[in-house]
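Peer 1: Fit chain to chain and form the complex, with the hints in mind.
Residue numbers (the working numbering), protein chains in the order written: chain B, 1 to 155; chain C, 1001 to 1817.
Worth flagging that the hints you see were computed from the coordinates, not collected in a lab.
None of these values were measured; they are calculated from a predicted model.
Restraint ranges, calculated between C-beta atoms of paired labels, are given here:
| no. | chain 1 | residue 1 | chain 2 | residue 2 | range |
| --- | --- | --- | --- | --- | --- |
| 1 | B | Asp-115 | C | Gly-1090 | 35 to 45 Å |
| 2 | C | Thr-1291 | B | Ala-130 | 39 to 49 Å |
| 3 | B | Pro-18 | C | Lys-1176 | 51 to 61 Å |
| 4 | C | His-1160 | B | Gly-32 | 51 to 61 Å |
| 5 | B | Ala-130 | C | Leu-1407 | 36 to 46 Å |
| 6 | C | Lys-1565 | B | Asp-115 | 45 to 55 Å |
| 7 | B | Gly-32 | C | Gly-1449 | 49 to 59 Å |
| 8 | C | Asp-1410 | B | Thr-127 | 29 to 39 Å |
Backbone N, C-alpha and C define an ideal beta-carbon position, used for all residues, glycine too.
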Amino acid sequence: MEIVRLRVNGDERVCGVPAHYTLLETLRYGLGLTGSKQGCDKGDCGACTVIVDGRAILSCITPVWEAEGRQVRTVEGLADGTETHPVQDEFDLNGAAQCGFCTPGILCSSVALLDRNRSPSREEIRTALAGNLCRCTGYEKIYDAVEAAAARLGG
Amino acid sequence: MGRNGRGAAAADGSAREAAGRAERDGRGAPLNTIGRPMRKVDGLAKATGRARYTDDIRLPGMLHGKILRSPHPHARIVAVDTSRAEALEGVHAVVTGRDMPTAYGIIPWTPDEYPLCVDKVRYIGDGVAAVAAVDEDTAIAALDLIDVTYEELPAYLDPHEAIAAEAGPYIHEPRKPGWNGNVTKVVKLAFGDVDAGLEEADVVVESDYFFEGTTHTPIEPHCAIGLAEGNGKLTVWSATQVPHYLHRELARVLDVDPAKVRVIQPPVGGAFGGKSEPFDLEFCVAKLSMTTGRPVKILYTREEVFYAHRGRHPFHMKYRTGATREGMLTAVDAEIVLDGGAYASFGLVTTYYSGQLLTAPYRMPAYRFHSTRAYTNKPACGPKRGHGSVQPRFAIEVQLDRIAERLEIDPIELRRRNFIGAHTRTVNDLRVTSNGFLECLEEVERASGWKRKHRRLPYGRGVGVAGSTYITGTNYPIYPNEMPQSGVQLQVDRSGRVAVFSGASEIGQGVDSMVAYVVAEELGVPLEHIRVLAGDTDFTPVDLGAYSSRVTFMLGNACIEASRKLKAKVRKAVAEAWEAKPREVLLAGGLAVRAGDTGTSMPLREAFNLAEAKFGTLGATGSYNTPKDVHGSYRGATIGASPAYSFTAHVAEVEVDPETGFVTVEKIWIAHDCGRALNPVLVAGQMEGSAYMGFAEALMEEQIFKSADQGRAGLHNAPSLLDYRIPTSLDTPALESLIVESIDPEGPYGAKEAGEGPLHPSIPAIANAIYDAVGVRMDSLPFSPPRVWRALQAAAGGRWAPTSARAGRVAAVGVAK
Ligand code: FES
Ligand code: FES
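Just chain C, with the same shape it has in the complex (with noise of 0.2 Å):
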């Protein structure tokens, strides 16, 4: 098994030998599950479809809801009148937005949305009214009976001139008199003298890029399920990745004590960022549910995922780089224009997210970013897999390869000069500790053959390189609070089972297994002695949730201090029997062996029954909580801080068909360093499904929507599996994950995030790679057909001449911008 991922957990789920490679913790001991591939403890639920998602969930007298959706962009609901729902057979409940006046949004300082539109709807397929009937076909006739009358208002479909309209009309009140309604958050944020860094520079380069917007799409509609007890208890099981911030909402909106709430969280069929703040099911299943007195479950249509979006934020960008002579970065400056939606969701945070989380790997002495984030007239954009940095890391990493090219540097050596360094600090102050970031340079060029490929293979072909960091987790938790961002709680049955009580979400990035493996690797208990119970309000302490990747970094390092206060504890009793020092006692491979002894032994459940003799019933809990000192103290310093960043490099290779504009990409390196591989294949598993996932964005995906002139302004274009490509194997590219391990002072035996950063480079990577095949620049996204062509077209000057020699595509380069 070597450090690229491959390989399995061996046949009897023990850990087959690392290849020589003998894992040590920070301390130099050596390690046994840390490490190593080994099953996941949902593995075999997952693979005989006996894990239970929200959907295969069934209670007594359970009714089904169903919520119907505005056909206007923008207008005000006059009236809604739902008696002849009511009337209709089968109908238990009908609710609309005047039931649930409570104005809601996952970051509370901009609260614009409600559970159905009580005034106004703001995009095509915004809830107005939600039925509980005694079947799924009852439900969706009952939708065509509510009458609402409508007021239709202009609609804005393009951020600027949504900004444009400061007098309004407006899609929102403005928070503050003043303010333009039609603008969430501006962020103006500048460090270093951009200027004279511009004007010191041997080159600048100046160009636009566009990012689409992306969503998406885990295979798993949205589903909620709301069960009200007659004596005020609230249960909602929900596919969400934020079972703790549900359970705040829930209790606000509907004004239920937040103690008789409990949020459940079954297995998430994928979220990837769009589960990761409440939804109008989640609220109108509770409601219908309490006014019906009957459990209540709604399951999205496929269709209504894509209308709950939340996805990736179409950016128009700006960036004016300077660099030296020898390629090193002097300035920065970036205008940036992000296209939100019609609700904020966490765009105050996308906000900043898209000018902070540049300032690595890079280091970058200047830099300034100004950047709006625009309500318009459709979904509301949101957080998807790299949250608000994906789209300026694509822009920036193009404007290095156009650097690299006017210099004359190979793009990688750029990239190489430019490096931060470990143990530093970012021209915005945030603090960087590992950083394994020139390795993961190397291990794409080595593994890519770069040097024999770059600028060397035939027109048509090419290969292009981007790098990227991405953070473990933010600092802060979404509403300001002192308490630890994640918890965990052990339990120890006589048997020598060892129960772990985690708040966290499995989502499918195998949390339940991380944790499991700690305990493990802790306590010396074998993995099948674990139990995992996770995602139940109830019994779970805290955890903030399934994004920003800092689940393992934080909940790992949760789990190691609770294990280790039980230890002690198991170290104390068992050395007292051996009358040895508790140091003397390890515990390892199911049993507690004396050090230097071998031959003193005694089964671990043994060890644990000793433990309870002595101090009573065996449990710990264990938390974690940020470092303050890491970051500045100007306004939004907090915003982009994280304990530890991951860094990543991709090399991408392609071959671009000139005569259709078809780019086929053959294979994405991905080099990514994740501190440490708590489980090689997992990890692996994250960067491959990453990769994919940016290579999608980079050819495929869009989320968009009709204009006036196509018909019907403000529908989605495609909102089906089919329409919406997303690929599928035959369209996805070979993928080799390189992993690269810099031991983080502070992750959980070194470990960083390992599920967004590895998105990031695809893009640029596959744009540098179009470029270095037949020179033209691509900086609108999607890479289609269409755009390739166009852009093709246009650098040959309109003429378009096919060409297979070298000497053309140095031609095209030419009178590429």
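Chain B extracted, bound-state conformation (with noise of 0.2 Å):
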């Protein structure tokens, strides 16, 4: 076991952990946030996508010490307070999400681009999503809704 400090979603938390366990088991299995998903846990699919200091990373291969002392967001803390971050709310106007399973790390996907560009073109965001895999959508759903918060964003 090695204990660990984390920033999560603004928290400060530490948890005790095996010393090989990955961002995402921690996240899921040491913290209890299951939103970011497993979908291969090697790399491949993007499921387990969050946001570390902005930018997105597979949290399934990145081992946990390398993501302490930095801002760890995931798809829990989108939301700013009771207000759901715009693009989450499109996902579900635009039916982006079907399954929903790979939805956490899409949403961390597409939030970490538009915190950097606020009005993406078509383009720019499959580009964004291009390690996110989606088995239900065929993506165009998702486009339509990371454009739609992109406009409701003001960009």
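Peer 2: What follows is the structure, encoded as structure tokens:
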């Protein structure tokens, strides 16, 4: 067991985990933040994407100690208090989440994109989501949702 | 909001105006919820990470399980020694096949597998033993301590070899003496005089096709949790699409009273047919919990998901198709070998579907098919989106393209001429009701700019068309019984909240939302006052499961029935208070309103309270069963029968790089007759997801196995999401949905299926577009760069001469087969 200190969604968290744990395992099994998903556990699918210091990363191939001292944001931390993030709301309005299993990761990639580019083109959205597999939607509705969110954010 | 399924529900959750198109039900009454883009009931839960999938559940004292899998494709189990594993600190139980020696199978006539192998293993990855330990690391360590002694047997990787080995050795004991134990099922059916039809044809096209196996790869790996309580009660949470069938099989195989078994289906992270039968992990978590008294969870690794498989069967197909000079079909003759893998799974049905589902949307005066499903020593194949009918659809639609080419008829026109019509019977006696196929053809022809493009684009670019049909649910359950296929129960609270207890499985297709839309429509209750409580066999009526595109049609009708029963009571009670007739009481927009007198109204809550005072606790049930006069009476006539059929047409536009053979699909136009789009955004989502999955199979996906020369016969070639390539956002073409509504007379508000049909034409449309682009026929899947490049080489006579001129393309056509 190792004691790790993480800043997750604004909270300072301390947690004991096996030394080999990844950030994903620590979030899910150590801290009970099960919003981030595991689809492959080896960096292929993007379901585990979280935002670390503003960048979308794959938490399943990030050793937990690498996240120490950094700002970790997960799907649970995208809303502003009771206000959902516009991209979350637009996912619902546009039917961008079918089974929803890729959704937390895709939302994190989208928010990381929108934080650095308020008015991304469809092509830029496409590129930003290239590391997130969605098996349900064919991606069109996801692009619609991110575009609509960008418009709402005043991009 | 047009009919292309774009646009969204309004931010306040209400409907955005449907662009001047007032939705009306079959009797002309206006519809308020149905037909409009609405929020999903689980949309925000999924967008905030609150939705709890099976692996998100953690029970106190929970143990973790792992399954030991066979390293051999075919071997006898001589001995299993679990003592070293049992002795490991932290291990609580080890079970083997001998602990659960009851055979099961999703189709009751072909039970041929065990929760864990008893005497034999039949593919690399077959489960042999399972461990429950204090944590995953310990469980994995324990697997290494289980000693299994195998006696290796010759393995079959090729279905033809398996069939040819009539005298054995067999993968399974023959079900009857004298049968071939390497064959699951043979179906030979003939309708009309095929030989005469081919004889009188002006043109006969004969070709061989190969459809490679592919797998579902839902992003959520299978996961299950078992909890056996001391009183004999067993609860299993599972990422399944068939809680009811799982319930039955758990009770039967584990010998537990079914009344003490509870199956809970949390939200499922994608399924596509890949979670539509019981799997080893569900039996194992149950048995391990029964052994230890503690909850046990097993989560498949991604690699195990590839072994669990049950995906698309590889099909070897031969088609002969005859047509008159005018392009009218005279006969179709098919011979098909299905590579089934190690177990039967749904294979009996697949074998029928390989032929039965081909007889629309084109009229076939005569049709014959002969299909044989072989066992091979590979993971079992089963139902993947468009079960059993995607493969022959690829073949027949390319056949039609060949005929059109030979006769110099536009391929869309050829399809139009052969249209079977609405309210008719197919050659194999399936009843067809509504049929919007002609509109589908029109839509894709118009939207894609077909007339400007077909045979007119420069070399390297092309368009292709294909059509298809699919069932809206199978007409019969998999185990014979007379009970309804789908049921629902409503319960009303004094606050005005309506709870819907639904046994259907939400797998991302939106069934929970569909249920809410129907109830909202019928009772006039705002969506946010409806709670859908689903997927728990302890409190929901039976629905057979999320397979065969059945739930909207069947459960939707059940919801209408339940809602109308309830509505009748409410109207009666309110009518009494108003001294009016019940039919003068309308329920809409959260109110009870007096028809023709909008001044007289009351909140629905009060209306419900009046009804409760008059009739007692308010509730209602509804159910749906299929009509029984929709098929013929020959043996097998019921398989392929459905209360309604959906129809689809696609046009694909491709660019082929002649130097590399790389095919880029620029766009797919998808026109689909879904009867009525209950929520056009969700329908379009199904259409796009289907076309995406078909595109993926056309160009990228292969569930393939190593041969002996490649080092290890039967080993999965690429059990990871990196090597088994599924399309990323960058690979996926633009997809445009064109919804066609034929308003089916028996569907809920006229609805039919949308979740599987729109996959079918993607593949042949792309094949036909490649032909239009570069003049080579792609008859084997996938159309990967090496395959396309080789086809181009062969067409050019082995010498590759790059050319960009249109003349070059015509020359290539001449030598293509
Ligand atoms: S879980 Fe698949 S990339 Fe991390
Ligand atoms: S919504 Fe199911 S994987 Fe994306």
